[in-house]
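Peer 1: Okay, here's what each chain looks like letter by letter:
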Amino acid sequence: MKLKSGDSSNALKNPGRVMREQFGIRTTGEQYVIALAGNPNVGKSTVFNALTGLHQHTGNWPGKTVDNAQGNYSYRNKSFLLVDLPGTYSLLAHSVEEEIARDFICFGQPDAIIVVLDATSLERNLNLALQVMEISSKVIVCVNLIDEARKKKLSINFNELQKELGVPIIPTAARNGEGLQELQSAVYTMAVEQKKTWPKQVPYSEEVERAINALLPKINELDLARVVNPKWLALRLLDSDISFIETISRYAAAQKQTTVALQDQWGELTL
Amino acid sequence: MSKLNPMDPFLKIYLDTESIRLSSGTPLADLVVTDIFAYTEKLAERVVLREDSIQTNWKDKIDKLIISRVFGYPLMLLLLGAVFWLTIAGANVPSEMLANLLFAFQDILTQWFQLIQAPAWLHGVLVLGMYRTLAWVIAVMLPPMAIFFPLFTFLEDLGYLPRVAFNLDNMFKKAKACGKQCLTMCMGFGCNAAGIVSARIIDSPRERLIAILTNNFVPCNGRFPTLIAISSIFVTSAFAFSQSLLAAGMITLLVLLGIAVTFAVSWSLSKTLLKGEPSSMVLELPPYRKPKIGAVFYRSIIDRTIFVLRRAIVVAAPAGALTWILANVYIGDVSVLAYTAGVLDPIAKAIGLDGFILMAFILGLPANEIVVPVLLMCYLATGQLTDFDSLFELKKVLLANGWTWLTAFNTMLFALLHWPCATTLLSMYKETGSKKWTFMGFIIPTAIAFTVCFIIAQVAYFLGLA
Amino acid sequence: MTTLPVPLSTLKLGEKSNVIHLDVKGLLRRRILDLGIVPGTVLTCIGKAPAGDPIAYLVRNTVIALRSEDANQIYIDSKLNC
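Chains A, B and C are the protein sequences, given in the same order. Note that our numbering gives residue 307 to position 222 of the first sequence, counting from 1, and the numbers run on in steps of one. Note that our numbering gives residue 206 to position 203 of the second sequence, counting from 1, and the numbers run on in steps of one. Note that our numbering gives residue 28 to position 26 of the third sequence, counting from 1, and the numbers run on in steps of one.
Do not take every clue at face value.
Dumping the calculated SDA-like pairs for lysine to any residue here, alpha-carbon to alpha-carbon at most 20 Å [what the hints assert, rightly or not]:
1. K45(B) x Q286(A)
2. K27(C) x L25(B)
3. K248(A) x E48(B)
4. K45(B) x K27(C)
None of these hints come from the bench; they were simulated from the model.
Please put together the full structure from these sequences, using the hints given.
Peer 2: Okay, here's the thing in structure tokens:
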């Protein structure tokens, strides 16, 4: 891994860039990487197309036959790379799409994650949003299809929702361009200004909470160092998700290697 | 059990926590999900207000019709025919305009070649072979694809396609395949390569493979012109409007045949090479939504245009050059093309075709669109790709070369059933990652095409019908 | 006094009931759970395909279609809600 002399400080602060390349994500210059997640049929592609226009290209995720669309847009003189994750109902199941979405959210270190929901079926859609909120605190919830909700005479109290969930809630009708400015603004605030949020964590039943608490001490023994949220790892363990355990082991090792390699080179350059 | 090093701390903790996982009666994973939904249900109750009581609206009424016992299948058939008709009728004028434009440019090219006094053979390979084929492919392929794919995307965004999968799932289940296979078939009408990539929507690897191997039995846009041209031998009409209706009708019939073959082959594969029970299918039926015309169409058209142009340049042009060379290089007093056709003739006759037809199909491996022009070139012995001004003239040429009803019928069947084009085979390889299955994807249609045509031909000969 | 739960496929068009337990296994179980079909969920039968199978159910404001052999492994309250 060769670094140009000016690069090293950035790379050290941002080992995520190297991690992202394993996902086939290549940023140009100072680009913020934004992940786009959501259930199928919520108009996620509409949001993606509305934000990126023709500045997009589709390929495959490395080593998988699953579509990967990436596109960029600029807002207030900053460049954003939007990564369209496969549509998934949850991050808990084991299909290839769900693994890709989960792995990228956990280890791809996006600067923000937009979870797109369908305003007409919030109950079902919130499942995914809550799971993402358990992994990362850089979540923006985009409630799309509000024009459809209006037709069905549904009204949503977005303020209440935002208070409860603790993350920015942006109502949109991406088809008509409604709410897109606010969405870009929220992304800017989160990714560039790095405004902190405190996402609501799901209140589990007693049995689950007990099991999680039994696991946490053992997890804290592992030197996780920002690899993954301990509670999320506890949930994966309770779920017998061996594939996730294998993946996290790989990434923890890769991250250690990256940091060590960068420190070596940084050390060389300062001599 | 696991790929991890036994000393791996993560593996260790995974094994350590086995007792906690098993301590609960209901699997903890279930409890986790149940808890999440209990929360979202309460939250939704608080923040979502429904101003009216839930009433069935007109969209639900339409849905009842679409999945109904009486109207379900006829409506699908009608829609299929309508899509074909729009594609064929809509592509007519643009195809002609493109053809005129590109062939006019050919004359300019010829003048340039004459100006620099280039040798005749160079002109032949580059202009008469390469450029002419490229022009033909663009003129023939681009307009239908620019209509079909946006139409398909329209139906997709509308939310209609899951209803098709819903209606047909039962039949696919009987063939031990997945209902979503009909969606890959629909995509295959536009382009078989795209149909194969679309098989990603099928979760089960076994069923995905079945969908991939049988996709070729639905004719793609590139094969429409061949099928239309030949079917018009049977039925011609003076009026352009009814002509396109007849063409759409013939195509629909052939497509139904292709679909029947798809079911038969899927069923056979499930019994032999790809044994297994049908996996579960869970299908979401999204509400009907007004599709956003405009951006989607624009992108669809651009994508398909790029596809056709790339295919024309990379695949068709070299094929055209090769064909010209074969047609104009002589062994003795007969061209290589004619000689090879002669060698193939006995096999071809056995299946109701002739050597030139088989030759045309073989040369059409890179791109199915060039089968008819290559065939005409052989018959007219002009050594160059020819355009024909009217279908009536086409009929004359074919009859003059010994075509009977059997020839026409079997050629259409062969066009429907034969091996996939090179782009499709490449997609198969990319999607399956397996040379073995790509080979199967080649050999199964080929074997079926030969067998079916053989049987029909032999029976016809035996009964003295041809 | 409780009556035994019955398979989901016994639900007739227009009827609704709530889920008691799931007998589905493997990947299908995960998929069904993630779609919001958990114990306690209300399901309404809203349509059947021309051949009678698969069957469309209303679940938390979304429509999910299941094959009857899969629906057979979901058990609902034999007393129907109004």
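Peer 1: If a hint holds in the structure, say so; if it does not, say that too.
Peer 2: Evaluated hints:
1. K45(B) x Q286(A): This hinted pair holds, its Cα atoms lying about 15 Å apart.
2. K27(C) x L25(B): Distance ~17 Å between K27(C) and L25(B) Cα, so the pair holds.
3. K248(A) x E48(B): holds, 15 Å
4. K45(B) x K27(C): violated, 28 Å
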